[in-house]
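**Student:** Chain by chain, the residues:
Number of protein chains: 2
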Amino acid sequence: MKSELATKFADPSRGVYFIGTTPPRSSIEDEQLDLISQKLLQRLDNIEVDGLIVYDIQDESSRIDKPRPFPFMETHDPRAWSKRLKDASNKPVITYKSVSSRSTEEFTQWLQEAWDDFDIKDIVLVGSPSSEGDIKLPLSEAYATLGKMPLDFNLGGVTIAERHAKKKDEHLRLINKSEAGCEFFISQAVYNPQATADLISQYAQTCKAQGEAPKRVILTFTPCGSAKTLEFMEWLGISVPVATKNRILGSETPLDESIKICRSALELIMETALPDGVPLGLNIESLTNRKEEIDASIHLYRLLKATLDLKLAEQALL
Amino acid sequence: MKSELATKFADPSRGVYFIGTTPPRSSIEDEQLDLISQKLLQRLDNIEVDGLIVYDIQDESSRIDKPRPFPFMETHDPRAWSKRLKDASNKPVITYKSVSSRSTEEFTQWLQEAWDDFDIKDIVLVGSPSSEGDIKLPLSEAYATLGKMPLDFNLGGVTIAERHAKKKDEHLRLINKSEAGCEFFISQAVYNPQATADLISQYAQTCKAQGEAPKRVILTFTPCGSAKTLEFMEWLGISVPVATKNRILGSETPLDESIKICRSALELIMETALPDGVPLGLNIESLTNRKEEIDASIHLYRLLKATLDLKLAEQALL
Numbered sequence: 001m002k003s004e005l006a007t008k009f010a011d012p013s014r015g016v017y018f019i020g021t022t023p024p025r026s027s028i029e030d031e032q033l034d035l036i037s038q039k040l041l042q043r044l045d046n047i048e049v050d051g052l053i054v055y056d057i058q059d060e061s062s063r064i065d066k067p068r069p070f071p072f073m074e075t076h077d078p079r080a081w082s083k084r085l086k087d088a089s090n091k092p093v094i095t096y097k098s099v100s101s102r103s104t105e106e107f108t109q110w111l112q113e114a115w116d117d118f119d120i121k122d123i124v125l126v127g128s129p130s131s132e133g134d135i136k137l138p139l140s141e142a143y144a145t146l147g148k149m150p151l152d153f154n155l156g157g158v159t160i161a162e163r164h165a166k167k168k169d170e171h172l173r174l175i176n177k178s179e180a181g182c183e184f185f186i187s188q189a190v191y192n193p194q195a196t197a198d199l200i201s202q203y204a205q206t207c208k209a210q211g212e213a214p215k216r217v218i219l220t221f222t223p224c225g226s227a228k229t230l231e232f233m234e235w236l237g238i239s240v241p242v243a244t245k246n247r248i249l250g251s252e253t254p255l256d257e258s259i260k261i262c263r264s265a266l267e268l269i270m271e272t273a274l275p276d277g278v279p280l281g282l283n284i285e286s287l288t289n290r291k292e293e294i295d296a297s298i299h300l301y302r303l304l305k306a307t308l309d310l311k312l313a314e315q316a317l318l
Numbered sequence: 001m002k003s004e005l006a007t008k009f010a011d012p013s014r015g016v017y018f019i020g021t022t023p024p025r026s027s028i029e030d031e032q033l034d035l036i037s038q039k040l041l042q043r044l045d046n047i048e049v050d051g052l053i054v055y056d057i058q059d060e061s062s063r064i065d066k067p068r069p070f071p072f073m074e075t076h077d078p079r080a081w082s083k084r085l086k087d088a089s090n091k092p093v094i095t096y097k098s099v100s101s102r103s104t105e106e107f108t109q110w111l112q113e114a115w116d117d118f119d120i121k122d123i124v125l126v127g128s129p130s131s132e133g134d135i136k137l138p139l140s141e142a143y144a145t146l147g148k149m150p151l152d153f154n155l156g157g158v159t160i161a162e163r164h165a166k167k168k169d170e171h172l173r174l175i176n177k178s179e180a181g182c183e184f185f186i187s188q189a190v191y192n193p194q195a196t197a198d199l200i201s202q203y204a205q206t207c208k209a210q211g212e213a214p215k216r217v218i219l220t221f222t223p224c225g226s227a228k229t230l231e232f233m234e235w236l237g238i239s240v241p242v243a244t245k246n247r248i249l250g251s252e253t254p255l256d257e258s259i260k261i262c263r264s265a266l267e268l269i270m271e272t273a274l275p276d277g278v279p280l281g282l283n284i285e286s287l288t289n290r291k292e293e294i295d296a297s298i299h300l301y302r303l304l305k306a307t308l309d310l311k312l313a314e315q316a317l318l
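Line by line, the protein sequences are chains A and B.
For the first sequence, position 159 (counting from the first letter as 1) is numbered 159 according to full-length UniProt numbering, and the numbering increases by one without interruption.
For the second sequence, position 261 (counting from the first letter as 1) is numbered 261 according to full-length UniProt numbering, and the numbering increases by one without interruption.
So here's chain A without its partners, still in its complex pose:
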């Protein structure tokens, strides 16, 4: 059966809305997983989501010299977490997969099991965090491997506007990923909206020149309530302009300030993307397990979803 999300993604008049989450660390016993998933899904009771996104967290220390502000820990299998959330919520789940550290055979097996045993229909493949280090399976080969299998996954890719700001070629990566089968893209957390707007604008222009419809770009946003979270964001490679940093660190209510910043960022990106015909979506996550940041992520979700929904509804009237 075709992914239900693929049908939604194909309708540019609508937004699509996700909550991003990571599997619990592997030291957590199976008995506790039910409780954790229930708690997560309860938070979704009061918001309308099209689905969830489950990350595949890797140790990215090869990418950067600085120590990771929150230490890296192995997690439970994202496929199992994804299935648990899907079964408990009856919502589709997009499952990330980091491909670089395993062989083609192992990746083939991962895909087959994801489809057969974990009922996964929507995946995002992620390449190596850096070009250094031991890459057993480059992303391009992973796409080729997937393309040879008779499994009708709804395939997405990641997009990193920060890369565009430096190398000016991220829009071409999106085109290449589209050719490799990607039907949608999910951004890294946005704190530098101009970089994202620039990327989307050039992507739209290139699509237009090639006579292709742009794929949907799902924008990730995350609240930031402390200096340590900010440090973690920067460690992850999220670009935060200095004025934005100063606003958050100088505010008496940094979480609320970060929500305002995210909302302005979305407004700026919408102004570029919607007239250019690039369908948008949102993915809201909390980077930490702090209760106030998790609660803020739900506020942020409601605010940004309503902002995009309203803009789309206004646009439909023009």
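Keep in mind that the hints are not guaranteed to be accurate.
Note that the list lumps identical chains together, so a pair holds whenever it fits in one copy or between two copies.
[To be verified] Pairs of lysine-lysine, PhoX-like flavour, derived with a Cα cap of 25 Å:
#	residue 1	residue 2
1	Lys291	Lys8
2	Lys39	Lys2
3	Lys83	Lys39
4	Lys245	Lys66
5	Lys8	Lys86
6	Lys91	Lys39
7	Lys91	Lys8
8	Lys91	Lys291
9	Lys228	Lys66
Hints are computed from structural coordinates only; laboratory data are not their basis.
Keeping the supplied structure of chain A fixed, place chain B upon it in accordance with the hints.
**Tutor:** Chain B in isolation, oriented as in the chain A frame:
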């Protein structure tokens, strides 16, 4: 089991959103009903609704001398239509019931069957369209009858701001209906937002004086694309200010104009109701079966829902 809507209504931080609909006329054969309900529910595929509202259409000719612009026709049993929609969509349905023309015994039987046979949990009782004519069961007695039955309906009442504009006592009717068990109110279609804002403001003041939390008010909006629909609205008792009438009739795109008018109306009402702590909801309907008015009602739904969602999300940040 408690109504799922009652839980949503009890949370003032969220809006609640409905599509209103009438059962097909009784001359339509049973075989066609499936098709009609499918068509209706397909339109809901691209919007997020908390549920549906099924009206109980009465011949209101006792209320007014003028001929009805669209002739009155008997419909299928609203309970059966409600159950069909609920079963096909898995969404809750609020079912209207006009009580005045039948005896207490008949009403008791209606309620019991609604609960047992039609799985109805949410009802709105409607009194006589005018104080003239043969009233077998006044609304107050209907509430008393319901109160004696051990059925835990989520009960709502109608509210007519136009009555308030004339008699200045509609807010007291809401208080009385609350005492009789009403947990929410559904307005007549709003085209005179000041009358609705006045009613809500006085209702909120009275609640405050009595130390009661105001009940949720679900505002009905409907697009209007032609002189005939406008005439029908006025026949139904909907007050349309002359400037609004002129805007609609003078526009080259009257449907779009009416959508703009509804949106401004909602903004005005929100400005009064939300600071006063009156939780709101929306009910969008098309008064005719014309395709363009039905399509416009879906546009209107998306626009007004996003408008209210955004305001509520902004309010949560204050």
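**Student:** Treating 25 Å as the Cα threshold, decide for Lys291 and Lys8: within, between, both or neither.
**Tutor:** This pair counts as between: shortest inter-copy Cα distance 23 Å, intra-copy 31 Å.
**Student:** Please sort Lys228 with Lys66 into within, between, both or neither, judging by C-alpha distance up to 25 Å.
**Tutor:** Answer is within: at 14 Å inside a copy they meet the 25 Å cutoff, but 71 Å across does not.
**Student:** Can you give me the call for Lys83 and Lys39, within, between, both or neither, at a CA distance of at most 25 Å?
**Tutor:** Only inside one copy: Lys83 and Lys39 sit 16 Å apart there, 32 Å across copies, limit 25 Å.
**Student:** Between Lys8 and Lys86, at a C-alpha cutoff of 25 Å, which is it: within one copy, between copies, both, or neither?
**Tutor:** both (17 Å within a copy, 23 Å between copies)
**Student:** When Cα atoms must be at most 25 Å apart, do Lys245 and Lys66 count as within-copy, between-copy, both, or neither?
**Tutor:** within (19 Å within a copy, 67 Å between copies)
**Student:** Check Lys91 against Lys291 for me: Cα-Cα at most 25 Å, and say if that holds within a copy, between copies, both or neither.
**Tutor:** Within one copy only: 24 Å inside, 32 Å across.
**Student:** My question is about Lys91 and Lys8: at a cut-off of 25 Å on alpha-carbon distance, are they close within one copy, between copies, both, or neither?
**Tutor:** both (13 Å within a copy, 20 Å between copies)
**Student:** As a check of your reading, is Lys39 near Lys2 (CA-CA no more than 25 Å) within one copy, between copies, both or neither?
**Tutor:** Between copies only: 22 Å across, 29 Å inside.
**Student:** Can you give me the call for Lys91 and Lys39, within, between, both or neither, at a CA distance of at most 25 Å?
**Tutor:** For Lys91 and Lys39, both the intra-copy (16 Å) and inter-copy (24 Å) Cα distances are at most 25 Å.
Consistency with the previously given hints is maintained throughout, with no hint failing.
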